[in-house]
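K.L.:
Chains R and A, in that order, give the protein sequences.
Under the working numbering, read the first sequence as residues 56 to 409, first letter to last.
Under the working numbering, read the second sequence as residues 47 to 256, first letter to last.
Hints listed in this document are in silico derivations from the structure and should not be mistaken for laboratory results.
All C-beta atoms, glycine included, are put in the ideal place defined by N, C-alpha and C.
Some hints could be false.
Taking beta-carbon pairs under 10 Å as the criterion, some of the chain R residues facing chain A (in silico) [unchecked claim]:
#1 TRP119
#2 LEU271
#3 GLY307
#4 GLY346
Below, a sample of chain R positions facing chain A; criterion: calculated Cβ distance under 10 Å [unchecked claim]:
#5 GLU221
#6 GLU264
#7 TYR341
#8 GLU343
#9 ASP347
Each pair of labels, with its calculated beta carbon distance range [said to hold, decoys possible]:
#10 ALA229/R to LEU240/A: 44 to 50 Å
#11 GLU226/R to LEU58/A: 29 to 35 Å
#12 SER79/A to ALA250/R: 29 to 35 Å
#13 THR386/R to ARG117/A: 26 to 32 Å
#14 ILE235/R to HIS56/A: 16 to 22 Å
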Amino acid sequence: MSALLFERSRQDRVLAGVCGGLAARLGVDATLVRLVFALLALAGGAGIVAYLALWVFAEGRRTWAAALLLALAVAMLLIALGLSRTAALGATLLVVGLIVILLRGGSIRPGGSVPMLGVALASAGAVIFLGRNTAPGHLVGPGAVLGALVLVIGPWIWQLTTERTERIRLEERAEVAARIHDSVLQTLALVQRHAGEPARVAAVARRQERELRRWLYGSGVGAAASLGDALADAAADVEELHGVRIELAAAGDTPLDDSLGQLVLAAREAMTNAAKFSGADEISVYSEEDGDAVSVFVRDRGRGFERSAVAVDRRGIAESIEGRMTRAGGTATITSVPGDGTEVELRLPRKKAS
Amino acid sequence: MRRIVLVDDHELFRAGVRGELGDAVEIVGEAGSVADAVPLILEADPEVVLLDVHLPDGGGEAVIAGVAPDRPGVKFLALSVSDAAEDVIGVIRAGARGYVTKTISRDELVDAIERVAEGDAVFSPRLAGFVLDAFRAGEPVGGDAELETLTAREREVLQLIARGYRYKEIAARLHLSVKTVEAHVSSVLRKLQLSSRHELTRWAHERRLI
Numbered sequence: 056m057s058a059l060l061f062e063r064s065r066q067d068r069v070l071a072g073v074c075g076g077l078a079a080r081l082g083v084d085a086t087l088v089r090l091v092f093a094l095l096a097l098a099g100g101a102g103i104v105a106y107l108a109l110w111v112f113a114e115g116r117r118t119w120a121a122a123l124l125l126a127l128a129v130a131m132l133l134i135a136l137g138l139s140r141t142a143a144l145g146a147t148l149l150v151v152g153l154i155v156i157l158l159r160g161g162s163i164r165p166g167g168s169v170p171m172l173g174v175a176l177a178s179a180g181a182v183i184f185l186g187r188n189t190a191p192g193h194l195v196g197p198g199a200v201l202g203a204l205v206l207v208i209g210p211w212i213w214q215l216t217t218e219r220t221e222r223i224r225l226e227e228r229a230e231v232a233a234r235i236h237d238s239v240l241q242t243l244a245l246v247q248r249h250a251g252e253p254a255r256v257a258a259v260a261r262r263q264e265r266e267l268r269r270w271l272y273g274s275g276v277g278a279a280a281s282l283g284d285a286l287a288d289a290a291a292d293v294e295e296l297h298g299v300r301i302e303l304a305a306a307g308d309t310p311l312d313d314s315l316g317q318l319v320l321a322a323r324e325a326m327t328n329a330a331k332f333s334g335a336d337e338i339s340v341y342s343e344e345d346g347d348a349v350s351v352f353v354r355d356r357g358r359g360f361e362r363s364a365v366a367v368d369r370r371g372i373a374e375s376i377e378g379r380m381t382r383a384g385g386t387a388t389i390t391s392v393p394g395d396g397t398e399v400e401l402r403l404p405r406k407k408a409s
Numbered sequence: 047m048r049r050i051v052l053v054d055d056h057e058l059f060r061a062g063v064r065g066e067l068g069d070a071v072e073i074v075g076e077a078g079s080v081a082d083a084v085p086l087i088l089e090a091d092p093e094v095v096l097l098d099v100h101l102p103d104g105g106g107e108a109v110i111a112g113v114a115p116d117r118p119g120v121k122f123l124a125l126s127v128s129d130a131a132e133d134v135i136g137v138i139r140a141g142a143r144g145y146v147t148k149t150i151s152r153d154e155l156v157d158a159i160e161r162v163a164e165g166d167a168v169f170s171p172r173l174a175g176f177v178l179d180a181f182r183a184g185e186p187v188g189g190d191a192e193l194e195t196l197t198a199r200e201r202e203v204l205q206l207i208a209r210g211y212r213y214k215e216i217a218a219r220l221h222l223s224v225k226t227v228e229a230h231v232s233s234v235l236r237k238l239q240l241s242s243r244h245e246l247t248r249w250a251h252e253r254r255l256i
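Construct all of the structure, not just a fragment, from the sequences and the given hints.
P.N.:
The structure is reproduced here in structure tokens:
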């Protein structure tokens, strides 16, 4: 019912503020509402009576007087539109009956009482209207069946949807609670237990932060669905295993596929190498998607190395990074200056989306 | 020593920053809400305000709006855990000179405060990534073309910031002076603040990166 209530507008008024109030209630422009009433006023004065009806309604909540006036307005409009007086009477009774049903009890839900007065008015109106207007029989029959169906099934559907919304809400709540319990509370417990080991606490806290962030803003829990999420996962693993800090940045993100999965594995290997050998305590990872290619940069400010000085049997760079990128159809470029850090650039051309 | 004010609603975090910064800066005031922060900053007139993006009675943007007209000399450095693009873009467009995440190391924070006090802009790698993404999206729509796009050089500088390079390293790599690199970043900041492209805001709303 509250949806039907409105107040006369005190600021936005030309006469009594009825149009302004109605516009505010409906969320449309007041000029539009005024235009409608003005046009209705031309239809045999129906608009004027309707305006009075709403005024009375807004003023003292005198519903009955307002309904009567409104009925009069409807009748005037119908007559102005060229309906015979009897047809207009029938249609008006039908409308008023429906309004009464809506206002009184307002419930078509199961168990809700249906106001008999409203039903009587509506039925009488329907009989007069159909009888007079000689509506084609082939429309009346199916129409009646449809109406009956709506009356019977409608309340049931209504109940089902409200129950469903409620259930979804409860399920979401339960999910949030479970999630917080599994992740945040467990992490807090872990932090308390390892309070004496700052590196470990920091790693656990960062991992948790990343997980929570992804759950709140990213593609949710479970296997990573996008390049950004997958890189974040890899970074969190490396952080935890090697006690480094990894700073992630990205321009754009893209859904994960097989070759991007290879790219992430290569990036992970680059992060691991930086964590294990560079001596730097922070690693920067930046991913970029520029339409033609996806690039990932893994950089540290560590000690760097001479390529020739790296033992041939260290498979990390040759196999896990360069070989992997080549097989995926991309390239890996490693720039390292002894004493000045290392940067690994992984680049994977993207097939044009067809 | 720079005179700074700390605005964050988490007492614990303020204590942490205070302890970490130690005597590298002079903390002349602390506040935990917009209502407390505005009069405090007007009174204390610090060089730099470390500003949390989220406050209980409004955002960091509200603090900037309350202070900037009367104290145009006060610089704001936004500090946040959020990283949601709309927050970042919002506070930068409100007038902050930089944006760093709360996980920033002490030395970098001190450096960032210094830089902002000097009138330069400070972009975290993550913010640099955001900006590259935001300016790439779509064609410029009307307005001042100069403001709507990044130059190739600005793009290059931003990309290196996103890759984790410091200004000095960027300067060496691009054969520029550090001042020139700073000028490029300040220019990007200006575009971020003045650009009329509505994509920026829409983009920020759509995208809430990790």
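K.L.:
So which of the earlier hints does this model not fit?
P.N.:
Numbers 1, 5, 9 and 13, in rising order.
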